[in-house]
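J.: Residue numbers (this note's numbering): 72 to 257.
Read the hints as simulated data drawn from the structure, not as lab findings. Do not take every clue at face value.
Listed next, the in silico DSS-like pairs over lysine-lysine satisfying Cα-Cα at most 25 angstroms (straight line) [to be verified]:
id	residue 1	residue 2
1	K208	K179
2	K216	K179
3	K152	K179
4	K179	K213
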Amino acid sequence: LAGPEEKLGLTTYTQPCILAASMAAFRVLKQESGFTPAMAAGHSSGEYAALICAGAISFPDAVRAVHMRGKWMERAVSAGKGGMAAVLGASAEAVEKACEQSSTEKEKVSPANENAPGQTVISGHLPALERAIAILKEGGAKARKLKVSGPFHTTLMREAAERMEELFREIEFSNPAFPVIANLDA
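Full structure from sequences and hints, please.
T.: Dropping the structure here:
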């Protein structure tokens, strides 16, 4: 809670902090209200919190996993070299086309999350991201860069994903007490 913001903005630290805050909120909710979930879901690193809440993974294993995930994500694309932006008011096709036009051999940008019709998050190397934002704004869309340190949810994170597959072999998973809706296939 005290920062420094520059350090907390690094994925290596952001993800465990978000996980800890999510678990604290869940425990207070459960303690104060007796709330018992029927199911859980969490986006991206939030899925780890959902798995903890359901008893499918331990808190220490999840903290280790998100910390290593953050390290490997930062290694895949150094902090400050990539980013993400929320795009409003453009079709999925227009976003895809702008990303294709903005990508080069060495600088990539692509759709990362389709949050809702007309709301897509794009992610990639900063120069390509900036080009895509400009194209989308010229077409009448609104775009806002997100406060993140990397180009998440893209093929640029493939190396981190491969390392996570290895780490998952070391973690003990249990049957969840209630369903957890997965990010992969909902």
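J.: Now look at each hint and say whether the structure bears it out.
T.: Hint check:
no.	hint	verdict
1	K208 with K179	19 angstroms, holds
2	K216 with K179	16 angstroms, holds
3	K152 with K179	11 angstroms, holds
4	K179 with K213	20 angstroms, holds
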